[in-house]
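Visitor: Chain by chain, the residues run as shown.
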Amino acid sequence: MSTTLNPDSLATPAKPRKLTVGTVLFWLAVVAIVVFCLAPILWQVLTSFKVNEDISAIPNVYFPTRFTLDHYIELFTRRPFMRYVFNSALVSVVSTVTCLLIGAPAAYALARLRPLGGRIIQAGILLITLFPGILLLQGLLEIVQAFHLGNRYLSLIIPYTAINLPLTILVMRSFYEQLPRDLEDAARVDGYNTLQMLTKIVMPLTLPALVTTGILTFIFAWNEFIFALTFITEERLKTIPVASAQIGGTSVFEIPYGPIAAATVVGTIPLVLLVLFFQRQIIQGLTAGAVKG
Amino acid sequence: MAKLELINLNKTFTPRIVPVKDISLSVEDGEVLTLLGPSGCGKSTVLRMIAGLEEPTKGQILIGGRDVTYLKPGDRNIAMVFQSYALYPHMTVYDNLCAGLRLKKVPQDEIDRRITEVSHILGLDDLMQRKPGQLSGGQRQRVAVGRALVRRSDVFLLDEPLSNLDALLREHVRADLKQIFSAQNAPVVYVTHDQTEAMTLSTQVAVLNNGYVQQLDAPENIYNHPANQFVAGFVGSPQMNLLTLPCQGNHALLGDFKIPLPDLPTPPPSVVLGIRPDHIHLLEADESTDRPILKGKVFLVENLGMNNLVSIRIPNSQGKAIVLRALLPPATWANRELTFTLPPELTHWFNVQSGDALVRRS
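So the protein sequences, as listed, match chains A and B. If you're matching positions, the first sequence starts at 1 in this note's numbering and goes up one per residue. If you're matching positions, the second sequence starts at 1001 in this note's numbering and goes up one per residue.
Extracted from the complex, chain B is given alone in its bound form (with noise of 0.2 Å):
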């Protein structure tokens, strides 16, 4: 019904500050996309030109085939939650949520039908009388999605909504967004700069950095298979490691051990590897196993309450040493020898000059 789609999109403050180079993307009806990537990386802007407060320098914006790349943010029908939430301080919650219904003449019944709708979803229905000064940041927060949800607009647009939310509370809310979000039909566009609410909320992931689209898909294939070094750098908690690492023959160095390469059909002179921290397999003392071993000893130890966070130093005759980490549970980890293995299906490997994934799996 009401497809969001972005053809080429770019944006140029000046010729050195171009914040989206060619950006493209499509939103179906009912789907959440997260654009998601490090502050600077035009995501932002991306959104503020969807709502139409930013004139694309190039490119097209088309909401359900309509083009809105020039309309005014009034006229396109769409809904945006703010970072700062952006309530009108001056006015009650109740005059808050009708703000917008007022002015596109929506009759005062159907009016006090969605309000009435929405706080139920929301809670709000003590608050009505009171001004955003009265609220506490939750309250605001929920009364700013219920500004928006009255809309009933083609697209939604969130902008960080959950950013200046105290941790636990912010658990709270991501939920109830995701509840509402799988309620409702629009196409959602979800700006952050947290994986773990990209990964829970959305049905797509736009990974950003530089302007461009790194990767564009489901949140498990983005974690599980990155398309280049910076979307498996930028998602993951603790970070992958990622070593460059020299090759011979078909066989990566990892110090003194031999790594096998996957099937390529020119053996690159160098490549770089990448493992998750939780996928680095410990071998118990009986265990044997085909994979080639790598041995290391322990020289820092990380709690990080439920898992330890443990460097392994890996002796290298030809050069320094080289430091794995691995996310592995409490125990007494420090200045132990360790025997592990890298499980190849959880192993990546890109190209050292373009940072892409050597092998590209669906």
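For reference, chain A alone in the conformation it holds in the complex (with noise of 0.2 Å):
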């Protein structure tokens, strides 16, 4: 048996390159996977680019001859959705960052200042990630109301931060269990102020946690479509599933799939991005040297 760490070798022996008919149903299997996975977010990006005769065709056209840019320039140009792109990136970010900023520093204070009580805290932070979202909206409209934040951001940034603080806080925690105390002692002789101490070692090594846990927090904000529809009504608020689930035809009977196709793909693209850019962040991070190997 190989010992290597080296990712092929999960399906063939390193050395002779020969194809076995494990390699051959290993790649079927990765293909199988792919498209299995790709096929719904293919069809969404060939349907925007498709021209509305070829939407409309019966028999389908699956791969598109004539292409088109009309459907994102109606998504621009008709309505505003830059405006929307700016609502999502705004509500996302705040709320990404504000729970970073309360869950990191509460999950350091569980993992090391060790509080009276803390495990009680712990259960109780495990306890609210198993309430069902949905079973939040009633009592969280009555007290949107009664706060007066209806068609404010604040309205989704709070409930936004508030539901992925107990992943953010169990998650880091775990991460700063982990980290050697040996390291803060070895700051603390070194002449680190504990704030020092917090900002320049510990939080390089916990980024990889932190960008982790900050991802899943905007891709729950960016796609939250329940809240952002129930406590925005004003056009101009309005976030992009919102939006673009409301993108009606000229009538009734016409269902513009271009442009929510369109809208879905525009929607979908800055996650796309931001995970690939902070996925080699997240790589390196678990790659760098621990204390001792």
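Read the hints as simulated data drawn from the structure, not as lab findings. Do not rely on the hints blindly, as some may be mistaken.
As the list claims (entries may be wrong) - Cβ pair distances, simulated, as ranges:
id, chain 1, residue 1, chain 2, residue 2, range
1, A, 177, B, 1183, 37 to 47 Å
2, A, 276, B, 1038, 53 to 63 Å
3, B, 1040, A, 181, 14 to 24 Å
4, B, 1200, A, 22, 51 to 61 Å
5, A, 143, B, 1038, 56 to 66 Å
6, A, 193, B, 1346, 27 to 37 Å
7, B, 1183, A, 270, 26 to 36 Å
8, B, 1163, A, 118, 30 to 40 Å
9, B, 1125, A, 196, 24 to 34 Å
10, B, 1176, A, 273, 45 to 55 Å
11, B, 1130, A, 101, 28 to 38 Å
12, B, 1171, A, 22, 43 to 53 Å
13, A, 93, B, 1183, 49 to 59 Å
All values reported here derive from a predicted model rather than from experimental measurement. Just so you know, even glycine gets a beta-carbon here, dropped at the ideal spot from N, CA and C.
Combine the two chains into a complex, taking the hints into account.
Guide: In structure tokens form, the structure reads like this:
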């Protein structure tokens, strides 16, 4: 058995690159999974570039020969789609940053300071994650009305932050607990004060975890639909998911598949870019040398 | 200049967990004090209190006459090497070395000068731009020592710095450390559970057990004149033979043989005899002696390479046979009858109750 960590060696013995039954099956499985996962996205992308006749043509035109950018242009000229993108970005970024700013120190305190009743607090946090989000809607609506938060960004930022806090705290806490205590002791001996130690030593080492939980929070906030639909009714404050769902045709009988597909694509691209951009950061963080290897 | 003094140090976590009960020590400039003891004896806690990572419950810590008991670690001007090295994984070796100096606002040219000097001593020149993850265990250890050296601190603390190295490397680094210690003048406190390190590196050894100093002495005195039964049993490998024997007049009864006791005001009813396995003297066939002669039969031979550790059963008509272990040159010892003596100057006597040595030799 080969003991290398080369990912290729999982499917094939590393040295003689022969085409075995195992290799063929492995790659067939890979292709099948990729197609299964990406087919709907590919369908949306292709639809967004099809001309209207091709979209409604029977039999289906799977791979169009005529391409158009009309749906995209329509999205930005006939509707304030930039505004929706801005709203989504603002709400997602602010709630992600707030979530990390509150969650990371809380997790550090739970992991390191071992407060009285820390285990109970932790159990409470875990309990919250078990709560189905839809059940919160009714109560939250009451609160939003009571505090006059309706049609304000805060009505989305606060719930998004709160809903993602438990996960952030749990993930970050286990990360902090893995961080060797000696490192912090060494920093204190070197003369770092607590704040410097946290920002210069602890934070760079937990960056991968911060990025990971941050991305999860961001994706949640970016895609969230129910709260955004309920708490925001003003057109200029709507986020992408709600706006895309409410794209209507010229008549009740027309479903504008093209613009909807275009809106989906525009809404997805920032997420894809974000994950691709931070992926390197995550992998880098995970492979960085720990205290003792 | 920067003498380190610990005065009646005590650390109480809970009334039941008291790792350090009452410890007073002092380390002069240029001295290497080793805290030696089994795990859980409080040696690491003492070191962490000196470093300021733990606050003592009672007692005082003075560095160069200055009371630092409640100062933060960064304000004590100490340097510490951790067992796990605790290098900052996200910084290069160079940044690891200068992190502490930058915080103390040492000018950049001074930082570079010190780092060049230290990296020359430790052979780190080629590693400066690497990160700890790209270094071997031995290299990381050298960087950790380097990080402590560039500080030019008043006191040096090392917490089992060699325990993560393999045996061969450990011997090399031990020799290097000895040279580094002798080249600089600050007091060094070295924590270890390895007696070889304690013996080779230190000018003073403090043997700790149960939160108390059992004996504070030069390494050779710790080995040759253990102050009590714990020290006798802990220091030395293979372990010293410790036998509780009944006494008759001013003789101790080792099985059927009589061993004369040292001069004591009142002979005790029983006594603990200690003799190191390497100090048992085997009699040649034609050798005559005026010391009491013992006889016994070998029942177990353990080959240690350089020597054989031989277990000898000594007959006892009053009760169970007594077992002595002797370190003898390699030969076919199995099942042989041996005749030997216990050299009185190398025999140790301890009080049965207190475990203290009956005769204090200077």
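Visitor: If a hint holds in the structure, say so; if it doesn't, say that too.
Guide: Checked hints:
Evaluation of the 37 to 47 Å hint for residue 177/A and residue 1183/B yields a pass: the beta carbon distance comes to about 40 Å. Checked against the given bound of 53 to 63 Å, the beta carbons of residue 276/A and residue 1038/B, roughly 54 Å apart, stay inside it. The hinted window of 14 to 24 Å between residue 1040/B and residue 181/A holds, with their beta carbons roughly 18 Å apart. Judged by the Cβ atoms, the range 51 to 61 Å given for residue 1200/B and residue 22/A holds: they are separated by roughly 56 Å.
Distance hint for residue 143/A and residue 1038/B: a CB-CB separation of about 60 Å, consistent with the stated range 56 to 66 Å. Restraint check, residue 193/A to residue 1346/B: a C-beta distance of roughly 55 Å breaks the suggested window 27 to 37 Å. Remark: the range hint 26 to 36 Å for residue 1183/B to residue 270/A is contradicted by a beta-carbon distance near 59 Å. Between residue 1163/B and residue 118/A the CB atoms are about 31 Å apart, so this pair conforms to the stated range of 30 to 40 Å.
As the Cβ distance of residue 1125/B to residue 196/A is approximately 29 Å, the hint placing it in 24 to 34 Å holds. The hint said 45 to 55 Å for the Cβ distance between residue 1176/B and residue 273/A, and at roughly 51 Å that hint holds. Range check, residue 1130/B to residue 101/A: Cβ separation about 33 Å, and the 28 to 38 Å hint holds. As the Cβ distance of residue 1171/B to residue 22/A is approximately 48 Å, the hint placing it in 43 to 53 Å holds.
In this structure the hint that residue 93/A and residue 1183/B lie 49 to 59 Å apart at CB holds, the actual value being about 55 Å.
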